[in-house]
Amino acid sequence: MLGGGPAGLYFAILMKRADPRHEVRVVERNHPDATFGWGVVFSEGSLDELEHADYASYVSIMDSCATWNPLDVRYRGTTTRVRGNAFSGVGRRRLLNVLQARARELGAELTFQVEVESLEPYLDADLVVGADGANSLVRRSLAGRLHPATDLAPSRYAWFGADLAFPVFTYIFRETEWGLFQAHCYPFDEARSTMVLLISEDTWRRAGLDELDEQASLELCERVFAEDLGGRRMLSNRSLWTSFPWIRCETWHADNVVVMGDAAHTAHWSIGSGTRLALEDAIALARAFVRHPEREAALAAFELERQPDVRRLQEASRVSCDYFQSLQRYFTFEPLQFAYQLMTRTPRVTHTGLTVRDADFVRRVDARFMERATGGAVAYAAPPPVFAPLRLRGLTIPNRLVFLGGPLDAGAGLVVGEPHAVSAEGRFTPETPVELPPPPDGGSPLCLQLTHAGRRGACRPRRLGVDLPLPEADAWPLVSASPLPHAPWMPVPAELDRAGMERVRDDFGAAATHAAELGHRMLLVDAARGGLLASFVSPLSNRRADGYGGDLEGRMRFPLEVVRAVRAAWPDDRPLAVACSAADHLRGGLRPAESLAAVAMLREAGADVLLVLTGQTTAASHPRYGRTYGVPYADRVRNEAGVPTIAFGQITTLDEVNTILAAGRADLCVLDR
Amino acid sequence: MRVGVGLPTSTPGADAGLVLEWARRADAGPFASLGVIDRLVHDCWDPLASLAAAAAVTRRVALVTMVVIGPLRGTALLARQAAAVDRLSGGRLVLGLGLGARTDDYEAAGVDPRDRGAALTSQLVELRRRWEGGPPLLVGGGGSAAFARAARHADGWVHGGGPPRAFASAAARARAAWADAGRPGRARLYAQAYFALGDEGTVAAGAAYLRDYYRFTGGFEERIVAGNLITPAAVKDHVRAYEEEGCDELVLLPTVSRLDQLERLAQVVGR
Chain Z
1 MLGGGPAGLY FAILMKRADP RHEVRVVERN HPDATFGWGV VFSEGSLDEL
51 EHADYASYVS IMDSCATWNP LDVRYRGTTT RVRGNAFSGV GRRRLLNVLQ
101 ARARELGAEL TFQVEVESLE PYLDADLVVG ADGANSLVRR SLAGRLHPAT
151 DLAPSRYAWF GADLAFPVFT YIFRETEWGL FQAHCYPFDE ARSTMVLLIS
201 EDTWRRAGLD ELDEQASLEL CERVFAEDLG GRRMLSNRSL WTSFPWIRCE
251 TWHADNVVVM GDAAHTAHWS IGSGTRLALE DAIALARAFV RHPEREAALA
301 AFELERQPDV RRLQEASRVS CDYFQSLQRY FTFEPLQFAY QLMTRTPRVT
351 HTGLTVRDAD FVRRVDARFM ERATGGAVAY AAPPPVFAPL RLRGLTIPNR
401 LVFLGGPLDA GAGLVVGEPH AVSAEGRFTP ETPVELPPPP DGGSPLCLQL
451 THAGRRGACR PRRLGVDLPL PEADAWPLVS ASPLPHAPWM PVPAELDRAG
501 MERVRDDFGA AATHAAELGH RMLLVDAARG GLLASFVSPL SNRRADGYGG
551 DLEGRMRFPL EVVRAVRAAW PDDRPLAVAC SAADHLRGGL RPAESLAAVA
601 MLREAGADVL LVLTGQTTAA SHPRYGRTYG VPYADRVRNE AGVPTIAFGQ
651 ITTLDEVNTI LAAGRADLCV LDR
Chain L
1 MRVGVGLPTS TPGADAGLVL EWARRADAGP FASLGVIDRL VHDCWDPLAS
51 LAAAAAVTRR VALVTMVVIG PLRGTALLAR QAAAVDRLSG GRLVLGLGLG
101 ARTDDYEAAG VDPRDRGAAL TSQLVELRRR WEGGPPLLVG GGGSAAFARA
151 ARHADGWVHG GGPPRAFASA AARARAAWAD AGRPGRARLY AQAYFALGDE
201 GTVAAGAAYL RDYYRFTGGF EERIVAGNLI TPAAVKDHVR AYEEEGCDEL
251 VLLPTVSRLD QLERLAQVVG R
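Residue numbers (this note's numbering), protein chains in the order written: chain Z, 1 to 673; chain L, 1 to 271.
Because the hints were derived from the structure by calculation, they are not lab data.
All figures in this text were calculated on a predicted structure; none of them were measured in a lab.
Anything over 10 Å on all C-beta distances counts as not near chain L; from chain Z, calculated: (1) T67; (2) S326; (3) G376.
Only some residues are given here: those of chain Z computed to face chain L with a beta carbon under 10 Å: (4) L404; (5) G405; (6) R463; (7) P471; (8) G615; (9) Q616; (10) A620; (11) R624; (12) V670.
Glycine included, C-beta positions come from ideal geometry on N, C-alpha and C.
Using the sequences plus the hints, can you model the full thing?
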């Protein structure tokens, strides 16, 4: 075992337990009592496996653990407590000492203060385990076989100690003159805590931390968190500011060498799972050798079992890391909602899951959500967020569910109707309606959708697929921002000229006037999914040289003229929605900052709410599908550009809807049925 | 959910007598379809030629490719072959197309694998344009590009196999892509699983075939072996679980070239 951290030691224990005849040697660089990084934390359930794997060390670890179940969020002068989380913390040194003693007791040979400089001297062993941490020599030596990849998170963090025991796991957010400082704090014995500090790269530079030595950096942080420390000290032990390295390897073994723990894969510390992953690796590897005495089969089985679980956890930890790096966008939230958002930062915790942990917390969240939605005081309890109404101008949407294309009688708060073209030339297919229908009698409020298909027009009905051009004899001429086809097999559109632009703008305006006369209550203008307006917005479809192309301002000019024309023709008391595309998912497409600027312009031009879509800029552009895949885009638009949003994209359960709404990621959700 | 069975056209030792008798009996049995798989650099019969033969000796079952590696074949020829099978069978062909998992198939066919995704998309569009009506099209593959391709240019999607949980999560993404594309109705969801029913020797032969067929995956073959359905209870559980997850048609592929495999499966599925 190269590396005497938790993974290496635990594997030594399990191998000696499985068969005392195994000769197990652990080689560690540091002194047995040296450790860097203070305490480690285990989340709910993560210690259960240890109980079965080796009861003796499990009991010793549990006896050394501080356990607590609430967590506190200190934010803008308020502390919000959330219960039911079941964390345990243990001093890293204490954990290592327990594992060292147990390994020795079972007959493993432990060697300390031996620097491993090369794999060579160890390769005659039947098995060499690289449990040598994120900076693994073993991984680097076998890079050609393991195919590791490392990238760095764009933030800075450092592990400090503190000579006080925080009462529970505590997140602290302190705004300073240099920017936001976050501390994730947890006690690991009666008198001390770990404090992991996280700041942005910019904050790190502005605070001058790039030039301060260890002591000066400690003192600066003590000043930032003075109120939380209450006169106690922070402790440093090689507490250096670094960027978190994301490490993954295509495979974890080569011949008789295998890597595990941080050497093989890292998971961001903000979901507290690095030690857990390392211990679970050790368990899986030892078990593989029980099932498959033959080495190659055992190592293959180990990878097959562990890779999917590790990937999932890495993915969740990446979402968590992204959240902590971008949470400043939520600083307008009330403390209660901010804490809710923090708790539900990865999809693993939902409204229902949180209710199981802390029913009273969720009750308060629901009540407060309803209170803000209705503007009236809610005494104690309220239905979950999906049943809160939403007022947009003169229209009250009775609940937060949106269906696309109907049905009107299934209880949705809003139905966005199928697209109606503003002219015959703007139809997607011969079946795309042009004539506006009267508003329905009863049922969900209908939001009439107005579109112009642009270069995606003149196609066959979508029963057989999308973007299938009509036979030439049946087709009509297409227009777009530039003469570029939507797909290689589709016709090249004509560039929309100035007269054409005026005509289209007037068509939209006339449709809005007519819709108002018919008595429709809400309108949506389609500026997404590769239609005519969308073709102006994306740099991939707009190559115009006139004032309607070029930079974002130019590309937005025509869509904004249309939205303004519709807004002018549409009664003041009725809401207007715009479907916008937040990403092209193609190289050279709309940049994130541009999409935010674009939605701000749409808001300015009169959009009350944005249906946030992505992709379909060309036939090759698609999102990465997955549970609630579109929500991060709606979230960014809502909380960075400050525009109310309708989220779309694989939202399939009311539990997901409640979580998205309560966390303030969107105002309405399109439910896939 | 319908249950189909694979033709033994890629398992070792199959001959014409077995394949044709297998097709006849499947047509009489409880199965909804006969499925074939495709790989060029392997002792694997041409899928469309095999289905043409099956068409001649069957009247009822659907004939499904799961999947033909589309870009290996020129679209014009593929369209003609598929149309012939469709006509021979009286419109029973379901044409599943995919990219395959290996580049050596492309090298053997003399086709540049680099643009295979775009090539398959164009192929789907071209098939649709050639055929008014025509056989239903399915797309195989497990990534977002495949889900998008299936939703935009086909009638459904084929799952490559795995535990029901994996199917459920992939099917949810296939449905999401369908909604994203703005298609009316719903995607047809197909899936496949391997089986070997019988004594230890049968199970071992099935495992040996899967190991050989999937050796190129570099370790993943063991997981495929582990997923082989080797008891009647395992088959039933798998069928039930896929049905619960909303699969429309599950095709069970043999791993051993023996007629008793079909009979044993028919007894499990038919009950």
